[in-house]
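Those protein sequences? They're chains H and W, same order as listed. Residue 1 is where the first sequence starts when you use my numbering, and the numbers rise one by one after that. Residue 1 is where the second sequence starts when you use my numbering, and the numbers rise one by one after that.
If you are wondering where the hints come from, they were derived from the structure by calculation, not from laboratory data. Be careful, since some hints might not be right.
Here are the in silico distance ranges between beta carbons for each label pair [to be verified]:
#	chain 1	residue 1	chain 2	residue 2	range
1	W	155	H	38	20 to 30 Å
2	H	149	W	178	38 to 48 Å
3	W	154	H	247	17 to 27 Å
4	H	273	W	178	23 to 33 Å
5	W	154	H	230	33 to 43 Å
6	W	200	H	145	53 to 63 Å
7	H	44	W	200	55 to 65 Å
8	W	155	H	249	15 to 25 Å
9	W	164	H	44	21 to 31 Å
10	H	29	W	296	36 to 46 Å
Computed, partial: chain H to chain W, Cβ under 8 Å [stated by the list, open to error]:
#	residue
11	37
12	108
13	116
14	243
15	254
16	264
To list a few chain W residues with every Cβ distance to chain H over 12 Å, as calculated [what the hints assert, rightly or not]:
#	residue
17	40
18	163
19	169
Beta carbons are placed, not taken as given, at the ideal position from N, Cα and C, and that holds for glycine.
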Amino acid sequence: MTVRAPGRTWQRSLGRLPIHVTLLVVILVWIIPSLSVVVTSVRLPTDIASTGWWTVLANGPVTLDNYTAVISQLGFARAIFNSFAIAVPSTVFPLALAAFAAYGFAWLKFPGRNALFLVVVALMVVPIQAAFVPALQIFSALGIGNSFVAIWIAHTTFALPFATFLLRSFMVQLPPELLEAAEIDGASSLRIFRSIILPLSTPALASFAVLQFLWVWNDLLMALIFIQNDSMYPLTNATAKLLSTYGQDFHYLSASAVLLMIVPIVVFVALQRQFVRGIVAGSVK
Amino acid sequence: MAGAPRSRAMNRRWRQWSGALFVLPTVALLLVFLVLPIFSTIRLSMDTGIFLQLRRFVGLDNYVNLFTNDRLFFSVGPKGISGVLVNNVLWLVLYTGGCIGLGLLIAALADRVRYETVVKTVVFVPQAIAATAAGLIWLLIYAPNPDIGLLNAIAKAFGGGPIGFLGNASVVTYALIVAAVWTGTGLAVVILSAAIKSVPVELVEAATIDGASGIQSFRSIVLPMISGPLTVVAVTLAIAAIKTFDLVFIMTRGGPNGASGVIGYTYYSQTFEQGRGGYGAAAAIVMLVVVIPIILLNIRRFRASEAER
Numbered sequence: 001m002t003v004r005a006p007g008r009t010w011q012r013s014l015g016r017l018p019i020h021v022t023l024l025v026v027i028l029v030w031i032i033p034s035l036s037v038v039v040t041s042v043r044l045p046t047d048i049a050s051t052g053w054w055t056v057l058a059n060g061p062v063t064l065d066n067y068t069a070v071i072s073q074l075g076f077a078r079a080i081f082n083s084f085a086i087a088v089p090s091t092v093f094p095l096a097l098a099a100f101a102a103y104g105f106a107w108l109k110f111p112g113r114n115a116l117f118l119v120v121v122a123l124m125v126v127p128i129q130a131a132f133v134p135a136l137q138i139f140s141a142l143g144i145g146n147s148f149v150a151i152w153i154a155h156t157t158f159a160l161p162f163a164t165f166l167l168r169s170f171m172v173q174l175p176p177e178l179l180e181a182a183e184i185d186g187a188s189s190l191r192i193f194r195s196i197i198l199p200l201s202t203p204a205l206a207s208f209a210v211l212q213f214l215w216v217w218n219d220l221l222m223a224l225i226f227i228q229n230d231s232m233y234p235l236t237n238a239t240a241k242l243l244s245t246y247g248q249d250f251h252y253l254s255a256s257a258v259l260l261m262i263v264p265i266v267v268f269v270a271l272q273r274q275f276v277r278g279i280v281a282g283s284v285k
Numbered sequence: 001m002a003g004a005p006r007s008r009a010m011n012r013r014w015r016q017w018s019g020a021l022f023v024l025p026t027v028a029l030l031l032v033f034l035v036l037p038i039f040s041t042i043r044l045s046m047d048t049g050i051f052l053q054l055r056r057f058v059g060l061d062n063y064v065n066l067f068t069n070d071r072l073f074f075s076v077g078p079k080g081i082s083g084v085l086v087n088n089v090l091w092l093v094l095y096t097g098g099c100i101g102l103g104l105l106i107a108a109l110a111d112r113v114r115y116e117t118v119v120k121t122v123v124f125v126p127q128a129i130a131a132t133a134a135g136l137i138w139l140l141i142y143a144p145n146p147d148i149g150l151l152n153a154i155a156k157a158f159g160g161g162p163i164g165f166l167g168n169a170s171v172v173t174y175a176l177i178v179a180a181v182w183t184g185t186g187l188a189v190v191i192l193s194a195a196i197k198s199v200p201v202e203l204v205e206a207a208t209i210d211g212a213s214g215i216q217s218f219r220s221i222v223l224p225m226i227s228g229p230l231t232v233v234a235v236t237l238a239i240a241a242i243k244t245f246d247l248v249f250i251m252t253r254g255g256p257n258g259a260s261g262v263i264g265y266t267y268y269s270q271t272f273e274q275g276r277g278g279y280g281a282a283a284a285i286v287m288l289v290v291v292i293p294i295i296l297l298n299i300r301r302f303r304a305s306e307a308e309r
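Excised from the complex, chain H in its bound form (with noise of 0.2 Å):
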């Protein structure tokens, strides 16, 4: 047993102050650009064009008077709206969809099975700007090009490889004397799938969904080819487009900005587990 010298950990935390001052550094490198723009998005537009953000605490007054123009006079009310009506069905659909395939592909037999998987994982890297113009040249046939319908289907298709491959790897691993008394019980695959596969997947199918959501929320590729006409803009276009019309506006564009973010910071947040699980287990794509 040796006992520490009293000069040895006083030392030591002395050597480890490199290892505090370069993390503080990469705290304020990741936290300033966010607390910029919060703070430009609620001061007047004479005081961003005349003082630093930074200065807010000496300079000029706080104010909502952005976001309220933002929302009531620019169209972000309409845009929120459309960016809920466009992601909650864009992410129900391929989970749905994905989680009756995923379990098909788990545990049954069926011919072409593996090759068809094969695919599947092929897929899952493919750019899908590779799939736009013919895929909107379908919607346009069908007579649904102006609706979300379109956008919603491209979002299920583009996220449907990589939602069978994880839900997938999850199913393959629950354990099979499980399924097999079932079956010996006679239950259907279809009663297997809702009672067992399902109820034990649930982490998966979370985290798929919050993986998606936040995906397509954030999606501004494809709301700007899927969707044409203003008034169904997403929040991401609804901010491209105020970007192009008020360019060096920054009160508008920081309250936008802030907007743009609230609800994916609320969902990360509220499911930080589900979403850091499927970023891990989705970064094949």
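The hints should help you fit chain W onto chain H, whose structure is shown.
Frame of chain H, contents of chain W only:
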């Protein structure tokens, strides 16, 4: 009596076949809206393609033009090579490398302090927000007016003139990549931190007793043991670098004068802004070809993990 086993066998066979019904909706959607469209896009890429319509078959002309005739896509000039392709390679190397380097550093250091969760959460939050929002955040940070942009305020305090981070053709891509690294590092931190924690403490301690410094034992013991997760992170970030679009669209629209273009932006602007559907399709197919090695890698990894089960 004789009927029972037979009907059970039939039951069983039906159960197995019913698997096809479970996967049918997914497979049908993938076929109609993803797989067949890819083939149509390949066809469109060999056409002049006005907007979304086929016009005239031109074989591989679009591809040849992309690589030899399009100054913005790829050009060899007196000052070296430049263009979208070069930018994408910069993204691939600096974005992937930057996120992994910072991710390793932060994960390894945070592992040794009590406020680890705080550090990891703060760095991870940008993963949850839209690239559109991150783009606006960094537009504000980079703003040329020193009363608005923090970086130029700092430059001014040190007597420097306003720096046009996004207005200068030779700086802009690096400025975009810095913003992207800010959003992407969280992924690397979370995955690598979990990996570092799985390395047995005894191994590292043994090395320390043998006189290895912290950095030495990290390099010779920890790094080799986390090579698996490291590859996963690298592949994920590389795919993001190849597909990058949102930040470029929001922050620069590929400007100034096309200096910050990336292939995802070329695809979008050619197809939907310039109305050159065939040319845009060729850019999309180039993206597809670039990720083929990653697709093969994924299939191999999947097969290996199945064989293990």
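For a quick check of understanding: which of the numbered hints are violated here, in increasing order? Failing hint: just 17.
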